[in-house]
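With the sequences and hints as input, model every part of the structure.
Numbering follows full-length UniProt numbering, in which position 121 of the sequence shown is assigned residue number 121; successive positions increment by one, without gaps.
Keep in mind the hints are simulated off the structure, nothing from the lab. You may find that some hints are simply not true.
Label-pair ranges, simulated between beta-carbon atoms [to be verified]:
1) Thr169 with Ala49: 19 to 25 Å
2) Ala47 with Leu6: 24 to 30 Å
3) Glu88 with Ser176: 21 to 27 Å
Glycine is no exception: its CB is placed at the ideal position from the N, C-alpha and C atoms.
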Amino acid sequence: MELGRLEYLQALVTEFQVTDSTGNKRRCSPALSVTSVSSHTQPFSLAEAKEQVLANLANFAYDPSNYEYLRQLQVLDLFLDMLTEDNETLVEFAMGGLCNLCLDKTNKEYILEANGVEPIINCLSSSNEETVVSAVSTLMFLTTPRSRAQTTALPVVECMLRFSLSANTRLSNLASIFLQDYCSPPQVEEARNLSRHTAVGIPLPKD
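This is how it looks when you write it as C-alpha cells:
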C-alpha cells in the first residue's frame, strides 16, 4: 500500500518534469527517474496536462502521510521552481501546494533554508486571488523568530495594509490577521506612514 503510494507520486512527478512547455527535457533528479511515464493520448494541450499533474501533486500535499514521500521526490523544490513561471495556473497550484506543506515543521525549515520566502513574497503581486491568499497564509505559517524579519519586511507589511482595505472580504480578513498577529505596532505604523508618501503599491488581485 505505502510502496504503491510512493510509486504513484513518483510517476506524477516524472510525468510533470519530463518535458517543459516547449517539449524540451527538464532537469530531473535521478531519484525521480522511472522506467515509463503515462503514454495514453491526452485530449488537452501539454500546458493543460502539466497543470492537471501539478494540481494533483498540490492535492496530495494536503495529507501529512504524504509529506515524507513528497520530500523524497523533491516536490518542495518543484513547487518553488514553479513560482517563477509565466503560467499563472501553475503558480497558483504550486503556491497552494507549498501552503499545505509548510504546516509541517520539517517542510517549513526546508522552505526557509531553500530561500523560499522571497519568491513567495513575489506572489503577493499576482492578479490571481487564490495565489495571493495562499501566499499570505504561507507567510504566516513560515514566520518564526528567525524568519520574522523577512516574512514581515516593510514591503510585506505595506502590502498587507493595502490588502486589509480590499473590498474582497476573504483577502482583507486574512491581511488583518497577518497585521495583528505577526506584525508589531511599530512595524504597522512605519508601513502606514510610508504608504502615505508613496503612490505605487502591489496591485490588488482580481476578484
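Here is what the structure says about each hint:
Under the hint 19 to 25 Å, the C-beta atoms of Thr169 and Ala49, about 35 Å apart, miss the expected range. For the hinted restraint 24 to 30 Å between Ala47 and Leu6, the CB-CB distance of approximately 27 Å keeps it satisfied. The hint said 21 to 27 Å for the Cβ distance between Glu88 and Ser176, and at roughly 26 Å that hint holds.
Hint 1 from the earlier list is the only one contradicted by this structure; the remaining hints agree with it.
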